[in-house]
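Peer 1: One-letter residues, chain by chain:
Number of protein chains: 2
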Amino acid sequence: MGPILITIITGILALVVAAFMAAYVLKQDQGSAKVREISAAIKEGALAFLGREYKILAVFVAVVAIALGVLPNLGWLVSAAFVFGAVCSGLAGYIGMSIAIRANSRTAAAAQKSLNHGLRVSFRGGAVMGMCVVGIGILGLSILYLVFHSNPNFLFIIPGYGFGASSVAIFARVGGGIFTKAADTGADIVGKVEKGIPEDDPRNAAVIADFVGDNVGDVAGMGADLFESYVDSIIATMTLGMIAVFSVTVGKSLVPNEATAWFLPMLVAAGGIIASIIGIFLVRVGNKPEMSALLNALRRGTFSASILTAIFAFLAVYLLKADIGIFWAILAGLIAGVLIGESTNFFTSYVYKPTLNIAKSSQTGGATLITTGFANGLMSTIPPIILVVIAILVAHRFADIYGVAIAGIGMLSTLGIQDATDAYGPVADNAGGIVEMSDLPPEVRERTDALDSLGNTTAATGKGFAIGAAGLTALALLLAYTQAAAIKLADINLLDPPVIAGIFLGVMLPAIFCAMTLNAVGKTSFSIINEVRRQFREIKGLMEGTAKPDYSKSVTICTTSALKQMIAPGLITIISPVIVGIVLGPLALAGFLVGAIACGFILAVTFANAGGSWDNAKKWIETGAFGGKGSDAHKAAVIGDTVGDPMKDTAGPSLNIMIKLMSIVSLVMAPVFIGFSGLL
Amino acid sequence: MGPILITIITGILALVVAAFMAAYVLKQDQGSAKVREISAAIKEGALAFLGREYKILAVFVAVVAIALGVLPNLGWLVSAAFVFGAVCSGLAGYIGMSIAIRANSRTAAAAQKSLNHGLRVSFRGGAVMGMCVVGIGILGLSILYLVFHSNPNFLFIIPGYGFGASSVAIFARVGGGIFTKAADTGADIVGKVEKGIPEDDPRNAAVIADFVGDNVGDVAGMGADLFESYVDSIIATMTLGMIAVFSVTVGKSLVPNEATAWFLPMLVAAGGIIASIIGIFLVRVGNKPEMSALLNALRRGTFSASILTAIFAFLAVYLLKADIGIFWAILAGLIAGVLIGESTNFFTSYVYKPTLNIAKSSQTGGATLITTGFANGLMSTIPPIILVVIAILVAHRFADIYGVAIAGIGMLSTLGIQDATDAYGPVADNAGGIVEMSDLPPEVRERTDALDSLGNTTAATGKGFAIGAAGLTALALLLAYTQAAAIKLADINLLDPPVIAGIFLGVMLPAIFCAMTLNAVGKTSFSIINEVRRQFREIKGLMEGTAKPDYSKSVTICTTSALKQMIAPGLITIISPVIVGIVLGPLALAGFLVGAIACGFILAVTFANAGGSWDNAKKWIETGAFGGKGSDAHKAAVIGDTVGDPMKDTAGPSLNIMIKLMSIVSLVMAPVFIGFSGLL
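From first to last, the protein sequence lines are chains A and E. With the working numbering applied, the first sequence covers 1 to 680. With the working numbering applied, the second sequence covers 1 to 680.
None of the hints are false.
The list makes no distinction among identical chains, and a pair is therefore deemed to hold if it is satisfied within one copy or across any two copies.
Straight line, CA to CA, 30 Å or less: simulated DSS-like cross-link-like pairs of lysine-lysine:
id, residue 1, residue 2
1, 629, 360
2, 192, 635
3, 540, 360
4, 553, 360
5, 523, 635
6, 192, 619
7, 195, 619
8, 635, 360
Calculated from the structure, these hints are not laboratory results. Since the model is a prediction, treat every value here as computed from it, not as a measurement.
All chains should be modelled from the sequences, with the hints used to inform the complete structure.
Peer 2: If you want it as structure tokens, here you go:
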């Protein structure tokens with residue numbers, strides 16, 4: 001059986017599993033009329049957002065496709081790959097979210113029966129997204145191979161696919177991220193802070209928008225993000241592998257022939273898919289479900305998948321007769337990914353000292369809590385940086401720069417189950433909200449709260465993993481860019497002033513990007529807040545519960561504003577590497593990418609962990625510490641949580657995409673830069 | 001007249017001006033008995049802090065001196081230069097602060113007569129520090145030349161002087177910075193927030209500690225910081241110049257001979273001193289003083305100094321027969337420095353949109369205000385980065401890497417007047433506090449408020465300037481390091497995995513450093529808050545004003561805690577480049593420094609401007625906007641201000657020193673690294 005057959009069969013298998021999970025979810029009880037009504041409102045809002053987002057994306061994709069088609073050294077085949085990548089990513093996001101918005105009400109209904117039942121429905125709802133991402137990702141690449149592999153420019157065509165996926169990702173992540181956090185913040189500030197009504201209270205006009213946000217941001221946005229990482233890491237490794245075959249400078253003949261160069265990354269990824277499927281089916285709890293049992297169930301799934309992936313990767317290396325050093329590089333990436341996830345847990349869970357210290361600092365008010373939390377975020381960069389550095393050095397020692405690229409695939413290979421775990425969180429969160437709004441018994445809310453809380457823990461780990469993977473992937477793309485642009489590595493001199501200039505500019509870009517996304521959340525939530533306040537003021541009987549708020553108005557405001565605000569940060573990301581490459585030259589562009597990757601990594605980790613630890617410090621206080629809910633300490637913690645939300649769910653995760661997107665734009669543009677040395 | 005004579009005479013002239021200013025300040029009226037009493041308490045606290053700080057520093061200096069003495073390729077002469085640098089920096093800080101703590105009461109008394117009189121006393125009080133820094137700096141370097149210039153290892157001895165200055169700077173800046181912000185935050189949180197008493201109220205036990213902090217942090221700490229930048233930039237340029245003379249790789253014979261290499265940086269600096277002295281005497285206002293007149297007076301001083309510096313620099317280049325390209329490099333640095341300062345003003349003054357937007361966001365609470373302000377800080381990195389990049393590219397185009405180094409001197413040459421302006425701020429701030437505590441008439445407080453407010457504006461500009469200068473200086477030191485370690489620039493390959501690893505680790509270091517300093521402020525202010533609360537609880541009649549608080553207890557607690565907390569961040573900064581150099585090798589160390597400089601620069605700008613804009617957003621609301629003092633908007637703004645304080649006055653400014661210190665440690669260690677390639 002040829003390797004291409006294996007990858008195609010694996011991709012189809014992933015989609016079959018997705019269909020099985022989707023069928024399981026869809027045949028569940030949809031709950032009471034009230035539950036259905038709320039779920040329908042969420043569905044309507046989420047689909048309306050995605051529809052409008054995709055319309056904007058279609059215009060963008062069309063413009064870029066034409067540009068790629070007419071550019072010298074690129075052409076229409078690159079355009080075609082680009083469009084194909086964008087469509088694949090959009091499709092994965094659409095299918096995954098379609099199921100997630102149907103799984104929420106069913107999870108609420110299932111939680112009325114038992115916690116275990118609730119976990120199964122919500123986790124399987126999330127697993128659809130995970131399986132779609134990896135299945136569509138690998139099938140798309142396989143199709144690209146079948147169509148284009150005899151084309152001499154094949155090497156320059158594949159990156160177009162990644163560029164398409166990355167473009168969809170940045171807009172989906174930024175747009176969805178702005179939506180979700182603006183709605184969340186808006187709902188909280190007017191509801192919890194000003195009016196003193198509980199979270200998810202049906203009188204709050206922004207509450208449906210908040211639920212919609214979970215789906216468009218944390219399901220569709222996250223899916224596009226991971227789809228991007230997945231295909232980009234494979235593409236980067238392929239490019240480096242192909243160049244290793246044709247030249248002697250890279251990889252020191254680690255890769256024996258063209259077939260290996262092409263199939264090794266694909267087979268390692270395929271092994272990861274099989275391992276993830278097995279892992280997903282291992283996620284189950286017994287009859288006496290407790291929090292620790294839930295967490296252990298998920299961990300059993302991911303750890304098993306990691307071990308199996310390592311075994312499959314070894315087989316792939318062995319069967320394709322590649323150098324065994326490559327296996328060690330894959331293993332280095334895989335282990336680093338798992339450990340980065342765990343370290344995130346230490347810095348954000350209230351079981352450990354860092355978050356407890358933040359909670360303690362709430363006693364002296366919101367300001368000290370902010371400072372302590374931000375310091376914690378900065379400090380939490382130590383383990384991920386050290387682990388990535390070790391992974392790079394180990395991978396390089398065993399398999400040269402090819403090793404650095406394939407270490408990224410190692411880290412990402414268990415993505416099927418990682419994404420399932422990530423997408424499970426918002427489904428559980430939505431279910432909890434629906435339960436709250438539907439006057440279901442308190443024990444049901446307790447169960448959905450347990451599921452939601454588990455989702456927060458896995459989200460923190462998942463974020464750490466996503467950042468680590470993004471860092472390695474972007475680095476691999478950068479290496480591939482230099483090779484594709486025919487730059488000798490020895491020519492990129494760190495202390496060449498254009499390179500230093502590139503590094504400084506590169507370091508600046510994530511900062512600007514974050515400023516724009518944070519401001520976007522601020523602006524959008526400002527309009528939501530005013531709308532919710534207006535409804536409380538103008539709709540008579542709303543506060544008393546005799547009248548209903550106009551949910552769809554809030555959703556529309558949020559949609560319009562979020563989509564408007566996502567454009568500038570997205571465009572800046574795509575255009576800036578092109579400008580740097582043209583003005584300062586392709587060598588400076590390498591410096592620019594290194595600066596952006598390093599700074600983006602640091603900011604992403606800081607934002608994710610500061611945000612996560614503020615969130616959990618608040619949760620710790622809500623368990624009764626320092627006066628519990630309603631105390632001054634709690635008020636301080638709410639400020640921290642609100643500051644952290646756009647950091648951890650909008651700006652931080654978008655940075656992952658940003659650094660990959662800038663790198664893949666450079667890779668796509670590489671043929672244009674060959675022999676060019678910049679205007680300056 | 002030989003150049004060395006010029007530099008010595010200029011140095012002496014600066015000290016004569018300092019003595020003149022000091023004599024002027026000391027002969028002023030010391031004010032009422034009450035004013036004297038408060039001033040005496042501040043003096044006592046500040047001197048006690050400095051005394052204990054210097055004791056700790058003495059131990060540190062002794063240990064490092066021994067280490068340098070016994071290290072291979074370094075030796076006791078390097079030790080001697082190191083000790084000499086430390087003593088010079090300590091002396092400049094001591095003299096400057098001694099006058100500042102005497103100028104505060106006299107400014108308070110002078111403000112009773114007129115605003116103009118108050119400005120003159122406070123500005124001349126600050127000018128003593130400015131003149132001492134540049135005078136002692138250049139005299140120290142001249143003495144080093146006279147003693148060592150015939151020694152063959154001369155080139156390796158000079159950096160020891162800078163290392164000594166940098167070591168004192170990091171501890172003084174971090175220790176003083178922790179003290180000042182912990183006392184400030186502690187006083188505000190218990191006084192303004194909890195007890196609702198005004199700022200600087202005598203019933204607040206932390207109020208004297210707060211005044212002491214202004215002196216030890218913003219006068220002594222800032223002085224040490226700028227002393228470091230000043231001598232380090234000269235040393236870096238000298239080293240590069242000397243190497244340019246002896247080799248052909250650097251500078252393409254821009255520097256004709258050894259004398260030019262040595263004297264050009266010194267003479268440019270000397271020209272800047274003369275220009276600064278003239279500028280200082282131009283700072284005066286007419287009989288109808290308004291805010292804009294005050295600001296114009298200071299601006300007239302600094303702008304005149306900049307123009308004169310450019311003229312003197314041209315003369316120096318011409319007389320020493322150096323390449324005219326060097327003049328353009330100096331000019332690029334000088335102009336970039338001025339513009340960076342101005343851009344800071346745009347992002348932090350409430351005359352402009354960014355700060356007004358932050359004030360506006362206070363309407364939706366503390367959380368949105370924090371997010372908007374932080375985004376503003378991130379966005380404000382654009383002008384400094386672009387300006388530094390342009391300065392680097394221009395300087396390099398006209399004078400190779402030697403140009404990059406001397407551009408740093410260009411930026412720093414007006415330091416005499418810049419530091420005078422910076423040190424003026426805390427004197428005016430102290431004077432305002434003393435007026436508040438001494439029951440002087442409200443119009444006197446209005447005058448000191450005007451002086452204080454002017455000080456805040458100049459402080460923001462000064463911070464921008466200091467950051468830009470630190471970035472260029474650190475870069476120059478890095479270039480000097482590579483040359484001193486006999487590394488060919490072409491050997492430092494950006495994408496070499498150890499270099500990439502170095503960059504990632506380097507980017508991480510400023511993040512950790514900030515986390516440590518922010519936490520240190522948090523811990524120290526926590527103890528102050530508890531002490532002030534305790535005094536309000538236990539001292540009967542304190543709130544009613546019939547009993548006095550125990551000021552010295554708060555000062556002691558603050559001193560002990562700040563000095564304890566300053567050690568770890570200081571040591572990490574000194575040790576980390578040594579470890580990276582030994583483990584990953586001297587090439588990776590270059591990557592490490594680039595990463596640290598770039599990330600440190602971004603964080604320093606972000607912290608300085610976010611902090612500055614929160615501060616001024618609060619001040620804007622206090623003028624009556626959005627409900628004015630006491631409104632919910634104001635409460636939100638106070639949170640922002642409190643978050644920003646340790647960022648802008650502790651963590652941010654310390655980063656400047658950090659990146660220079662790491663670079664000069666590398667330069668000092670360069671002879672040890674020659675021919676060494678790392679343990680890994």
